[in-house]
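Below, each chain spelled out in residue letters.
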Amino acid sequence: MARLLRFLFFGVFIRALVLVFLGLNVRHRERLPSQGPAILVANHNSHLDTMVLVSLLPLRLLPKIRPAAAMDYFLRNRLLAWFALNIVGIIPVARRPQGRAPVLGGLAEALARGDILIFFPEGSRGEPEQRAKFKSGIAHLAEGHPEVPVIPLFMHGLGKALPKGEAILVPFFCDVFVGKPLHWPGGRAEFMAALEVAMQALEQEGGFSAWE
Amino acid sequence: MMDLAVKPNVLWAVAGLFAILLSASLIVFLLGRANPQKNYAELRQRVNSWWVMVVMFSLAMVLSRKLSLVFFGFLSFMALKEYLSLVPTRRADRRVLFWAYLTIPLQYYWVAIGWYGMFIIFIPVYVFLFLPMRMVLVGETKDFLHAAGVLHWGLMATVFSVSHLAFLLALPEAGNPSGGGAGLVLFLVFLTEFNDVAQYVWGKLLGRHKIIPKVSPNKTWEGFLGGVATSALCAWLLAPWLTPLSLAHSLAVGTLIPVAGFIGDVVISAVKRDIGVKDSGSLLPGHGGILDRIDSLTYTAPLFFHFIRYFYF
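From first to last, the protein sequence lines stand for chains A and B. Per my numbering, the first sequence runs over residues 1 to 212. Per my numbering, the second sequence runs over residues 1 to 313.
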């Protein structure tokens, strides 16, 4: 039942919202993974970010797509938790970990199953249309799975459409720039540096002016 | 067959459109066969996008008048969205933009109930007065005039102008016994778009002398004049089937549409140049975005509408 609801939610409602009401301009679509396991890494400005990333991939992959999401936010009440876990299909992650191993445990299991993870290393949506520094959790995850490709994506426009703290959705086209898959360079610092370089390059490709 | 929203002449015209598309596809296919070393991918994309546009447009026009209005409203929505995503907007104006979008259903509602008085002043007067007031309530004065101007220009081009296509459908049927409102829309849209293609083709074949190299380096006098001649000929041939235009008027409109269409094209080109983009989007492969496709219509629709309304309705 929940699987059917999830299919309808993403396959019908979210696709109509993302493709018709918002609209996508995708650059380098061919760099998207055609199968799991893979990790999609993107900047984070809006709840719509996850919706757009899911809509980029074909529906046949939907059962494999799992967004990593903050446990403290999405599991804060029962209704939201049911929706987040069953419909959006999140893997809950603790943002302020006590110990490291259990934090990424759910994500590691998912990668072992061949799932495609959606990961926002900024940790929260932050200020609209401003990129925040990536936290290093992603490096720990990538280190544990050096064979899994990490695909960086830069998104622009969703922070205008539905920024943090706003309830009214205003239509804006969303520009998505897909980067080349990163492979494990052998160290966490090198990985974070390579990821930052890739994100900067994608951001510059758009050449968007600041939103003030 | 009798339940369709349009007159037989319009159906014949739609059939003609598909005949033109079929020949275009055939020509591209034969070109590809004759010169296998050349790459016709963009031309093929362009023709394929035309197929999608013509099928959607024809279905909307033929099935029902309501559907036609929804189609044009959606066209305005897509164009305004593309515009507002391209131009720099202020973060403070996010909710003002929401109000700007709300003008679309209202403007097309005036068309649906045939309220000409409201249709013609709603955006130029009421929206013009309302949106700056809403912006004042936000309270941000930095770049206020720029933001208000940019927003109103966009609404005039993408909503007000385009809605004139829709109001052609609300004109009394008796004024155009041969084609009805749908005949007028088809005549205008076909001439505008065919003129774009004709100016492009004539320019490719004979183009030497540039018209406005600073704005649009590929536009030439040869292309422009070839387009005017082609459009005048088409208008003369089509007018008796689809419109109430007299011979003299059909030639006048056949000149007005290509000239106005050219101006609309280069005005949007200037806007894109100002913003620093080549195409307004990537929605229509081979063409660019919606604004790239309807740039000429933003000028031809209101001008043709007022010409025909002044003389015939």
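No wet-lab data here; the hints were simulated from the structure. All of these numbers come straight from a predicted model, not from anything done at the bench. Don't be surprised by glycine CBs; every beta carbon is placed ideally from N, CA and C. Treat the hints with care, since some could be wrong.
[To be verified] Derived, one-sided and incomplete: chain B residues facing chain A with beta-carbon distance under 10 Å:
id : residue
1  : Glu82
2  : Ser85
3  : Leu86
4  : Pro88
5  : Gly139
6  : Phe144
7  : Lys210
8  : Asp274
[Stated by the list, open to error] Cross-link-like lysine to aspartate or glutamate pairs, in silico, EDC-like; alpha carbons within 16 Å at most:
id : chain 1 : residue 1 : chain 2 : residue 2
9  : A       : Lys180    : A       : Glu166
10 : A       : Lys180    : A       : Glu147
11 : B       : Lys278    : A       : Glu147
12 : B       : Lys278    : B       : Asp292
13 : B       : Lys142    : A       : Glu212
14 : A       : Lys180    : A       : Glu212
[What the hints assert, rightly or not] DEER-style ranges, computed between Cβ atoms:
id : chain 1 : residue 1 : chain 2 : residue 2 : range
15 : B       : Val87     : A       : Lys164    : 19 to 25 Å
16 : A       : Trp82     : B       : Val215    : 53 to 59 Å
17 : B       : Ala19     : A       : His28     : 34 to 40 Å
18 : B       : Arg95     : A       : Pro146    : 26 to 32 Å
19 : A       : Ala193    : B       : Gly286    : 20 to 26 Å
20 : B       : Leu233    : A       : Pro58     : 16 to 22 Å
Status of the hints after comparison with the structure:
Using the Cβ-Cβ criterion of 10 Å, the hint placing B:Glu82 at the interface with chain A is satisfied: the shortest such distance is roughly 6 Å. For B:Ser85, the interface hint holds, the least distance from its beta-carbon to any beta-carbon of chain A being 4 Å, beneath 10 Å. For B:Leu86, the shortest C-beta to C-beta distance to chain A is roughly 8 Å, which falls under 10 Å, so the interface hint holds. Proximity of B:Pro88 to chain A holds as hinted, the smallest CB-CB distance being about 6 Å (cut-off 10 Å).
The beta carbon of B:Gly139 comes no nearer than 15 Å to any beta carbon in chain A, farther than 10 Å, and the hint placing it at the interface is violated. Interface hint status for B:Phe144: violated, as the beta-carbon distance to the closest one in chain A is roughly 13 Å, over 10 Å. Interface hint at B:Lys210: violated, since its Cβ lies 28 Å from the closest Cβ of chain A, which is beyond the 10 Å cut-off. Hint status for B:Asp274 relative to chain A: violated, with the closest Cβ pair at about 13 Å, above 10 Å.
This hinted pair does not check out: A:Lys180 and A:Glu166 have alpha carbons roughly 33 Å apart, beyond 16 Å. In summary, the hint linking A:Lys180 to A:Glu147 is supported, as the alpha carbons are separated by about 15 Å, within the 16 Å threshold. At roughly 39 Å between alpha-carbon atoms, B:Lys278 and A:Glu147 are farther apart than 16 Å, so this suggested pair is violated. For a cut-off of 16 Å, the pair hint linking B:Lys278 to B:Asp292 stands: about 10 Å separates their Cα positions.
Restraint check: the Cα-Cα separation between B:Lys142 and A:Glu212 comes to about 10 Å, which is no more than 16 Å; the hinted pair holds. Of the pairs offered as hints, the one joining A:Lys180 and A:Glu212 is violated, with about 30 Å between alpha carbons and a cut-off of 16 Å exceeded. In this structure the supplied range 19 to 25 Å holds for B:Val87 paired with A:Lys164, their Cβ-Cβ distance being about 23 Å. At roughly 56 Å, the beta carbons of A:Trp82 and B:Val215 sit within the given window of 53 to 59 Å.
Distance hint check: the CB atoms of B:Ala19 and A:His28 are about 38 Å apart, consistent with the given range 34 to 40 Å. Between B:Arg95 and A:Pro146 the C-beta distance comes to about 47 Å, which lies outside the given range of 26 to 32 Å. Distance hint for A:Ala193 and B:Gly286: a CB-CB separation of about 39 Å, inconsistent with the stated range 20 to 26 Å. A hinted range of 16 to 22 Å for the beta carbons of B:Leu233 and A:Pro58 is inconsistent with their spacing of about 48 Å.
Violated hints, in rising order: 5, 6, 7, 8, 9, 11, 14, 18, 19, 20; the structure is consistent with all others.
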